[in-house]
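J.: Chains as they are written, first to last, in the numbering used here: chain A, 1 to 736; chain B, 1 to 80.
One or more hints might be untrue.
DMTMM-like cross-link-like pairs, simulated, lysine to aspartate or glutamate; straight-line CA separation at most 20 Å [what the hints assert, rightly or not]:
(1) B:K11 / A:D285
(2) B:K51 / A:E500
(3) A:K344 / A:E500
(4) A:K221 / A:E47
(5) A:K214 / B:E26
(6) B:K51 / A:D285
The following label-pair restraints were derived from C-beta to C-beta distances [what the hints assert, rightly or not]:
(7) A:G167 / B:V41: 35 to 43 Å
(8) B:V41 / A:V715: 27 to 35 Å
(9) A:R622 / B:Q24: 38 to 46 Å
Calculated from the structure, these hints are not laboratory results. Glycine is no exception: its CB is placed at the ideal position from the N, C-alpha and C atoms.
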Amino acid sequence: MDTGLTVALAGNPNTGKTTLFNSLTGARQHVGNYPGVTVEEKHGMCEHNGERLRVVDLPGTYSLTAYSLEEVVARDFLVQDRPALTIDIVDASNLERNLYLALQLLELGIPIMIALNMMDVAESRGLRIDADRLAELLGVPVVPIVARSGKGRTQLIETAIEAARAGIRPRTFEISYGEDLDSALAAMEEIIIHGAFLTETYPARWTALKYLEKDAQILEKGRIAAADISGQLEAIALRTAAHISATLNTYPEALIADHRYGYIHAMMKGVVQRQATKDRMYLSDTLDAVLTNRLVGPLIMLLILLGLYKFTFTYSEVPVGWCESMFGYLGDLADRALPDGLLKSLIISGIIDGAGGVLGFVPLIMFMFFGIAILEDTGYLARVAFMLDRVFRMFGLHGSSVMAYIISGGIAGGCAVPGVMAARTLRSPRERLATLLTAPFMNCGAKLPVMALMIAAFFASHEALVMFLLTLLAWAVALLSARLLRSTVIAGASTPFVMELPPYRLPTVKGLLIHTWERTWQYIRKAGTVILAISIVVWAMMTFPQLPAQSLHTYEKLRTEELISAPAAAQELDSAEEDAELSESALQLRQALDAVDRKESEAALRNSIAGRIGTSLEGISRLAGFDWRTNIALVGGFAAKEVIVSTLGTAYSLGEIAPEETGSLPETLASSPGWNPLVAVSLLVFVMFYAPCFVTVVCIAREAGSWKWGAFSIVFNTGLAFAMSVAIYQVGKLFI
Amino acid sequence: MKRTLCLRQMKLGQSGTIASIGAQAEMGRRIRDMGLVPGAVLTVVRRAPLKDPVALRLQDFTLMLRNNEADYITVETDEE
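Bound-form chain A, shown alone (with noise of 0.2 Å):
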């Protein structure tokens, strides 16, 4: 199949970067990782009058000097992939600072256009942009457009498949950065081109231009390619850096950045024209001046937040009724069908009850990621940083932990496996292990149906404020442990902090839907595949080895026995209709029959390999007040936090026979003498804060980039879940 050509989408981050490329791709798009390393690879097809384009979503960047491992991937990638064009997403309504990314997409070489994006909004600012003029400046397309509104969509796209059709390299892009670094310029240019050194990937002036910013990843390849070359161009590099010092006193890195602005400034007179606006208090300023107020700020972001909650979980109720209603009559349907036996209770045990303990959950999820898009994309969650930075790194962590723990479920509904990766635009290793380590402390998605299940099953009444008490357990705890690792395992120093505070907008509904569409899909894929294999080898660990003959048939005798003592009810048990009144004494026999199935199931399932994990674990998770069922749910969750749910469902469906009394799984656990509200909040307090999920170990090991630290957050967090469950039941059982 012909895939057609490909084109990068390059651009600062809040630029409509992603509103565009959702415009061009539609829904057609696939979400990955760029290999080897955790940054979002985003990819979709554009077609257009029958020509096809494959749009590639880079990270956005502010430039690429390798800041951050955004800015060298997005860098890989246009070197080593070469796409045929790079679509540069520019804000029209912040020129100057946008197109220092476009300077340095030149500098490289490659054959790029302009999208000069949100002409609205400078045009109601009073900016007077004129594209032709910037593209004559620059020498390539410049194509004005208004992403939200789909505005100048088809020329962008038709002057896009010009562009990238005809595959000509752009003319030689060169800013004069100064005599003094000039000449150095002139000078490693012509070893570099003597010495064919990087040159397939680099053109030379841009390698030289690295040497003199001291770029650590070219200097690392430069050193790999030809050590000889590259200590000449290094010596150039420091003789001029000394020579500047010594005349300018300053450095090569930041005379580039001044000559580079220098140059967009001198360009900007023939391109922009600004109308003498009268106020320059935008709408944003006006919005911050109460939203960010010193006493009101804090306070309405407390009131958002609790606000999510509320939309969470008040307006998904009703679909949430709707999926338990769809499971529960999908495993009466089995139960009717079927014949008794193994299969039917893999159906109804492992699968159903599997599937649907999980998966009844998505509505709930869904809700809440809407919200969480609606915070992100209206520009809100920057404030929350700028709000925050003071008291997070009073923690030892950076504002941007902010992102990395929301992520992963500050606000509760994440995934600790994303959040991990966000601490990647963390740039201080030391920061950035603190949080990848203390993030799955978060309340994740996967342990929301936990609680959801124990808020349903003990404290009903007061969801909303149980949900809200959490979450701030859950920070107190991820901070305070952050601040602990970072005075003792990980001690050290802090990091730069910068960064925007986009405008406020109006998030697009479309923008919306799709944002939270990919997340709650990245949720039912993992549920849909993971957990419902996890779920039935579960089943199956309940399930096996099956109780001996001989104590089978002890269970036969008792039941006989029971039906000889009383041959009347006997009979009239089992001649009766399903709905018929029963006399006194055959109730009575029904109850004594029951008694010994429920004996003998739980026998059966003390008898399985999960039974003997779980039992043995009793003596001491006892301490905390867990049976063996809640140990081997525990065990399970490991694999993934939502599986405590449809293992406790499995375990609680098992353990008892008649299908007519299995009241939802909440009843269950309400009406079991193991269980009271104490219970319950040491199990909650152990899943919100034990091992994470395998999936997030894994990652957490691969961020760090040592098994160590993986290994380190299955014994830490779980040590320290133990001692805070066994405390709280230790202590409660004082008092009740």
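Guided by the hints, dock chain B onto chain A, whose structure is given.
T.: Only chain B this time, still in chain A's reference frame:
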């Protein structure tokens, strides 16, 4: 009369032109990539509830940075 002072000492609502940036390496690079360069005009528009970080309005955008980062930046202001 012109006066040069450290960004941290600027009052809320005060404007000025960046005179110099003392930060090197990572910090310097990040500051410049975000558009803070000598000659840029800025206004201190807001401080976080705990006084730190600080929000700066530049010509067409708003940045936030910590006080200890503001220490690297000197600004030339018109003294009233």
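J.: Evaluate each hint against the coordinates.
T.: Verification of the hints:
1. With a C-alpha separation of about 17 Å, the suggested pair K11 of chain B and D285 of chain A falls inside the 20 Å cut-off, and the hint holds.
2. Distance check on the hinted pair: K51 of chain B and E500 of chain A sit about 18 Å apart at the alpha-carbon level, within 20 Å; holds.
3. Only pairs whose Cα atoms come within 20 Å are accepted, and K344 of chain A paired with E500 of chain A is rejected, the gap being roughly 58 Å.
4. Taking the CA atoms of K221 of chain A and E47 of chain A, the gap is near 38 Å; set against the 20 Å cutoff, the hint is violated.
5. For the hint pairing K214 of chain A with E26 of chain B, the CA-to-CA distance comes to about 11 Å; that is within 20 Å, so the pair holds.
6. A C-alpha spacing of about 17 Å is found between K51 of chain B and D285 of chain A, which places the hinted pair at or below 20 Å, so the restraint holds.
7. Between G167 of chain A and V41 of chain B, the C-beta spacing of about 42 Å keeps the proposed range 35 to 43 Å intact.
8. Separation of V41 of chain B from V715 of chain A is about 53 Å and departs from the stated range, judged on CB atoms against 27 to 35 Å.
9. The supplied range of 38 to 46 Å is broken by R622 of chain A and Q24 of chain B, whose beta-carbon atoms lie about 59 Å from each other.
When each numbered hint is compared with the structure, violations occur for hints 3, 4, 8, 9.
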